[in-house]
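Undergrad: Chains as they are written, first to last, in the working numbering: chain A, 30 to 346; chain B, 37 to 941; chain C, 47 to 217.
It is worth saying that the hints were derived from the structure and are not from the lab. Model, not experiment: these values are computed from the prediction. A few of these clues could be false.
To be verified - Rough simulated footprint, nothing fancy, chain C against chain B, three-plus residues with beta-carbon under 8 Å: (1) 132 to 143; (2) 234 to 244; (3) 253 to 264; (4) 743 to 750.
What the hints assert, rightly or not - Here are the computed lysine-lysine pairs in the DSS-like style, where the Cα-Cα straight-line distance is at most 25 Å: (5) B:LYS690 / B:LYS712; (6) B:LYS248 / C:LYS200; (7) B:LYS168 / C:LYS74; (8) C:LYS181 / B:LYS245; (9) B:LYS168 / C:LYS181.
Unchecked claim - Pair ranges (Cβ atoms, derived): (10) B:ARG165 / C:TYR70: 48 to 56 Å; (11) A:ARG315 / C:LYS181: 18 to 26 Å; (12) A:ILE254 / C:GLU56: 37 to 45 Å; (13) A:ALA143 / C:TYR70: 18 to 26 Å; (14) C:PRO183 / A:LYS92: 49 to 57 Å; (15) B:PRO761 / A:ARG68: 46 to 54 Å; (16) C:LYS181 / B:GLN871: 37 to 45 Å; (17) C:LEU215 / B:ASP479: 43 to 51 Å; (18) C:ALA78 / B:ARG867: 51 to 59 Å; (19) C:TYR70 / B:PRO761: 41 to 49 Å; (20) C:GLU56 / B:PRO761: 33 to 41 Å; (21) A:PHE90 / C:PRO155: 55 to 63 Å; (22) C:LEU215 / B:ARG867: 46 to 54 Å; (23) B:ILE753 / A:ILE254: 41 to 49 Å.
Ideal Cβ placement from N, Cα and C applies to all residues, glycine included.
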Amino acid sequence: MNPILRQIIIIVVVMAAVLTASAGLIWLERRLLALWQDRRGPNRVGPFGLMQVTADMIKIFFKEDWIPPFADRPVFVIAPALLVVTVLMSFAVVPFAPGFVVSDLNVGLLFFLAMTALGVYGIALGGWSSNNKYALLGAIRATAQMLSYEVFMGLALMGVVILAGSFNLSDIVEAQKNLWFCIPQFPGLVIFIIAGFAETHRLPFDLPEAESELVAGFHSEYSGIKFGLFFVGEYLGVTLISAMIVIFFFGGWLGPFLPPILWFVIKTFVFICGFILLRASLPRPRYDQLMSFAWKVLLPLALLNLIITGGIVLAVG
Amino acid sequence: MVTIYIEGKAYKIKQGQNLLQACLGLGFDLPYFCWHPALGSVGACRQCAVKRFKDENDTRGEIVMACMTPADDGTRISINDPEAVQFRASVIEWLMINHPHDCPVCDEGGECHLQDMTVMTGHNYRHSRFPKRTHRNQDLGPFINHEMNRCIQCYRCVRFYRDYAGGSDLNALASHDHVYFGRFQSGPLESEFSGNLVEICPTGVFTDKSLKSHFTRKWDLQTAPSVCVHCGLGCNTIPGERYDELRRIRNRYHHQVNGYFLCDRGRYGYEFVNSTQRIRHPLRQAGSREEAKLMMETEALELAAAMLADPGKVIGIGSPRAFLESNFALRALVGPERFHAGLSDSDFKCLGTGCNILQRGPVPAATLQGVALADAAFVLGEDVTQTAPLMALNLRQMRYGKSVRIVSDFQVPEWHDAGVREIGQLQSPALFNATPYPTRLDDEAMRTVYAAPHDLVRLGFAVLAALDASVFPMPDVNDAMQALANEIAQALLKAERPLLVAGTGCGNPALIEAAANMAWYLGRKGSAAAFALCVPECNSLGLRLMGGLDLNSAFQAIDEGRADTVVILENDLYRRADAQAVDAMLQKARNIIVIDHQQTATSEKAHLVLPAATFAEATGTLINNEGRAQRGYAVMPPKGAVRAGWRWLQMLMKAAGHAGASSWLRLENLTADLVKDMPVFQPVAGLDPKPAMPTPGGKLPRQSHRYTGRTAMHADIDVSEPKPPADEDAPLAFSMEGYDGRPPAGLISRVWAPGWNSEQSLNKFQSEIGGPLRGGDPGRRLIEPPASDDIRYFAMPEQEILPGADEYLLVPIHHIFGSEELSMASPGVARQAPQPYLALRPEDAPVGDGEQVRLLVSGKSLVLPLKLLPGMPERTAGLPDGLPGVPKMVLPAVVKILGKGSIEK
Amino acid sequence: MLSNIRTIWEILRHSFRRPETIQYPEQKPYLAPRFRGRIILSRDPDGEERCVACYLCAAACPVDCIALQATEDGYGRRYPAFFRINFSRCILCGFCEEACPTLAIQLTPDYEMCEYDRQNLVYEKEDLLISGPGKYPDYNFYRVAGLAIAGKDKGEAENESEPVDTHTLLP
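Work out the full structure: start from the sequences and follow the hints.
TA: If you want it as structure tokens, here you go:
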């Protein structure tokens, strides 16, 4: 097969799968939350309420696409797209199965980190261009939060890099053939998960859009499909972080009997459910608690983890 | 000031009170039934028990009735003592034993003193298992509904009706627990003050029958402070509105004017507001109601502008029943030189004299409260009961005042009603009643004389001569008259607060002059003399103070062609002048604009009729008989095209291109210009009190905090609630919003206090029990007499009118129900009004009682039944004044009896 | 930290609980007889309107959604000339039922009263009045009230003695 055509097919498949999955997450999240709250959740539209997603999409597409007159128009329009694009870009380096990757970069991990860091622009600009105090406060919170957690998100992954000896994600997965990194890099895993929550600003770290304080935070002024993009961006983020957890710590596509792609999907799905479980159970911390937790606990831990891992690798290898 | 101790705490109070007054005045809640601030104490109900202690060491104390115990210096009492509390609870349980299970269907419910007191004492469970006593009810006429089962035998009704108001047909009948408060047999109550039973009765035995036909609870009424429009006394009222209909009138306490009471005309005359005779749209070519063409407001104004095109040819006729502001706006529209007062000829003269006297003289106009405090009174030519009913009620209190002076020697306190009246029943107050025909006040008077008006003038001047022959020449009177004059003069000279009462009732200004002479003379001698002028309508004095020409000159102006357009404000000219003269004018005038709220004979002849608001829908000022400017506020917003009279006139001025009227969209600005133009009305400028509490929009609510149905009352029309109408003119809003717990005295829209839902909550609004309202009584007097020593007395006029052969001198006989125009639209009032008649003394009667006679009055022939009225003076005939079917009498007049008559076909 | 994990565990355990949700249109919930749903006006055991138009329900209503006007038949019996409830405002609190001295106004276990047009939620007396006594089969206010109405003269109510003859002085 033509390698370019193959690449294009992969891109299309990845895009379609990821976007569908994130849309499906809307339904999944509502059903799971309902399950854990002894309710039923959306179950009217289609079998098991699966068409709820379609209904929601139709609704969101047909809503009035309102731009407030006081908003900074071009930035306001671009911001949600920026968020979605940066997250989608990260998927370019995700190896779903051996050879099933859009771009097998040798600095894939760095690319992932770079793209997540760029994601903050979507939020910061969206909040700023709304010209609304709640939106701005949300954006400021998001920026500070994402910058802080990015630091040790990267540091947490350095242990993995040391063990795998590569920035290439496929290599990292391959390096876990014998032992998933969740065992040797357990502290890194915990730190990365926490940082992942903060990066996707999901509950319990959804302070940028804490509705009880900030209306809807950075997307207060957004409605219609632009709001939909933020919404999808968030679920894309959830999927991405789950996929990354699987890749870095749980052996990616590795597993017996089943085809690799299925292993990857199953593992990712479990972590997505974990995201939702945490949303269902944990309350939101105060903002200062969030920040001090990042700098005073997680950063030293991440550094310690790096030093110890490095030391052990040096000593052993 | 004395000090009493309640629950061990010292309080300073005024001397001469009883403990109940003292406790209520200090703001304590102490239940009571038989006591009433106006009726005093009798200690009948045993409800106000408190414990009194000898000194601070006394812990046992004794139970006393607070209302019968003087609040002496050093008295120690406890209201909350468990024994006193238990005692009061037992008393109310006894009172409730026979009280029916009626509250939901009782009109008193929600403003019931018995309910309040039952809750206050904590009696909430009935222990008695015995059957309840029942009574049959009586039909007490169109005003009062009777439900005797509810009675708790407090005796307040008979104490008010018989002792206070001088009625005789309501009594406590039968004995022991069969005691029955009613008439000997069913029939309308005779007293003019029967309506007060509604407020006097602490429970639902006597309730308002006119309210019953469109029953609404107190909390559901939209209310505002208002002033009665049915006579010249300016009693303060609280009208209540619900569903765009005026539902009832209640008394609004004013210490110096009406006190706690209203007359039945004032209480029940309100139904003209809801009448089918109301004009509600601009009408063209009025004619009868059916022929009239409805117009849009803009069309009407265009038409009016065309009619008013030549300002030199427009005259205006004001009205004594329209607000001061409306009359002023009319005066501004037509110019002062073309403004006519719209008063009958005799009223114009009498009121002119009256105004002159009040402005000139050194003697103040008597307040109604002052009337009750007089120790000698001479009523000259006025049937006070019928023309100024509440003044008669206050004159009746002279007996109590006299008794108080006597019993004070026996150390019986003033509030001891039973003790004072025991002595009072043997005393006649120095009340002299000189009238042209027998009146209802005669039973109270020490001496009564009936004489033709000119003879009454002579009597007045004979009294003057008896007062001081050196100043006043003796007129030619007979011996009996002379003796009476001497007696009156002696009584007046002895009195500290002599009172002279005269008015427009006979249409003879000389009577007013004679009374003023006496008042001035006595005042100069050093006594606190007062002069009470009875005026016919609610704004008679205000209109006359405004000046203006008389009605005849209006007729002349039209007749001579100096004017061809006439604007008539809220006035039926057929009630003011001879029908022929009015006909002639209305025929000749090219354009007639009538602004009125009722369809009248005049409005039927108009070319353009504009719908005016009644007192219930507009805010404005009225000047009462003592020259007190009082503001009445709209109770409900006017509907559709209806506007306040002054607002129509403002629109007419704008349409006719007058400058300066544009700011008159607000009453405030109009009043400011009125005051600027006529300094005599200066006090009117500051009449609106400002609410002390910060409230939404600076306004107090007209609706109670318990007002119901806000989201449902208009839901049948539109489920979205309408915005409450704005009110630019008053410091009140048509809404429930805002706090009205302690309004300024002039803005009391309702009396209510926590735990006190009935009228008795008034105690919480007074600065002392039975005293002025907190913050001073509302209204301001325009005229305070100058302290001048220069008195020019009036001389006795020569005015003999001797009726010819088979002619009789005509005197108008006034009727509380019937003589007043607006109240006759109330079915109850109309039912109580007499049929037209001619009154003669039996000796002069050509035919028997009730038979028809044909008579000739001012060239007009009519047939009326004859009524024999023993006591009418010789050669004098009486015709009911203002009654529908009786032509307007132009006084002085004679009537010629043509013989036995039959009704012409 | 431990408590957080415990919380997560507790929530996870809910995966195996039965949902509390009742699948409403197919599955009807059990409604107690005292359920506070649609308001009705009942009749007394004799089939007459129980409501005496005392206005207490309107006074108790916290959203002021009851408006009525009292009137009387020729014999002294009170009834509402109109009685209107604006259900678009009603919060079904049941205060009106508690306030009603004649047990006329009652809340019923019926809540299926949605409308596409808000105006249709305004119920007049004809819409509210039912033909039975509702929850209270026996009570008849006029049997205990002292007021005389058609068919019940003075002294004929429960626990009342004959009307007093005021003309006798006998004890």
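Undergrad: Examine the region 743 to 750 of chain B for residues whose CB is less than 8 Å from any CB of chain C, and state whether their number is three or more.
TA: holds (count 7)
Undergrad: Does the Cβ pair ALA78 of chain C, ARG867 of chain B satisfy 51 to 59 Å?
TA: holds, 55 Å
Undergrad: Run the distance test for LYS168 of chain B versus LYS181 of chain C: straight-line Cα separation, threshold 25 Å.
TA: violated, 29 Å
Undergrad: Taking 8 Å as the C-beta cutoff, is the stated coverage of the region 253 to 264 of chain B by chain C satisfied by three or more residues?
TA: holds (count 3)
Undergrad: Against the range 37 to 45 Å, how does the distance between the Cβ atoms of LYS181 of chain C and GLN871 of chain B compare: consistent or not?
TA: For GLN871 of chain B against LYS181 of chain C, whose Cβ atoms are near 57 Å apart, the range 37 to 45 Å is violated.
Undergrad: At the C-beta level, are PHE90 of chain A and PRO155 of chain C separated by a distance inside 55 to 63 Å?
TA: The hinted range 55 to 63 Å is violated for PHE90 of chain A and PRO155 of chain C, with Cβ atoms some 41 Å apart.
Undergrad: Assuming the hint says 41 to 49 Å, is it satisfied by the Cβ distance from ILE753 of chain B to ILE254 of chain A or not?
TA: holds, 42 Å
Undergrad: With a Cβ-Cβ cutoff of 8 Å, does the region 132 to 143 of chain B contain at least three residues near chain C?
TA: holds (count 6)
Undergrad: Lying within 46 to 54 Å: is that true of the beta-carbon distance LEU215 of chain C to ARG867 of chain B?
TA: violated, 35 Å
Undergrad: Please check whether ARG165 of chain B and TYR70 of chain C have a Cβ separation lying inside 48 to 56 Å.
TA: holds, 51 Å
Undergrad: Does LYS181 of chain C pair with LYS245 of chain B here, judged by a C-alpha cut-off of 25 Å?
TA: Status violated; Cα separation ~35 Å.
Undergrad: So the hint says 33 to 41 Å: do the beta-carbon atoms of GLU56 of chain C and PRO761 of chain B match that?
TA: Since the Cβ atoms of GLU56 of chain C and PRO761 of chain B sit about 59 Å apart, the hinted range of 33 to 41 Å is violated.
Violated hints, in rising order: 2, 7, 8, 9, 11, 13, 16, 17, 20, 21, 22; the structure is consistent with all others.
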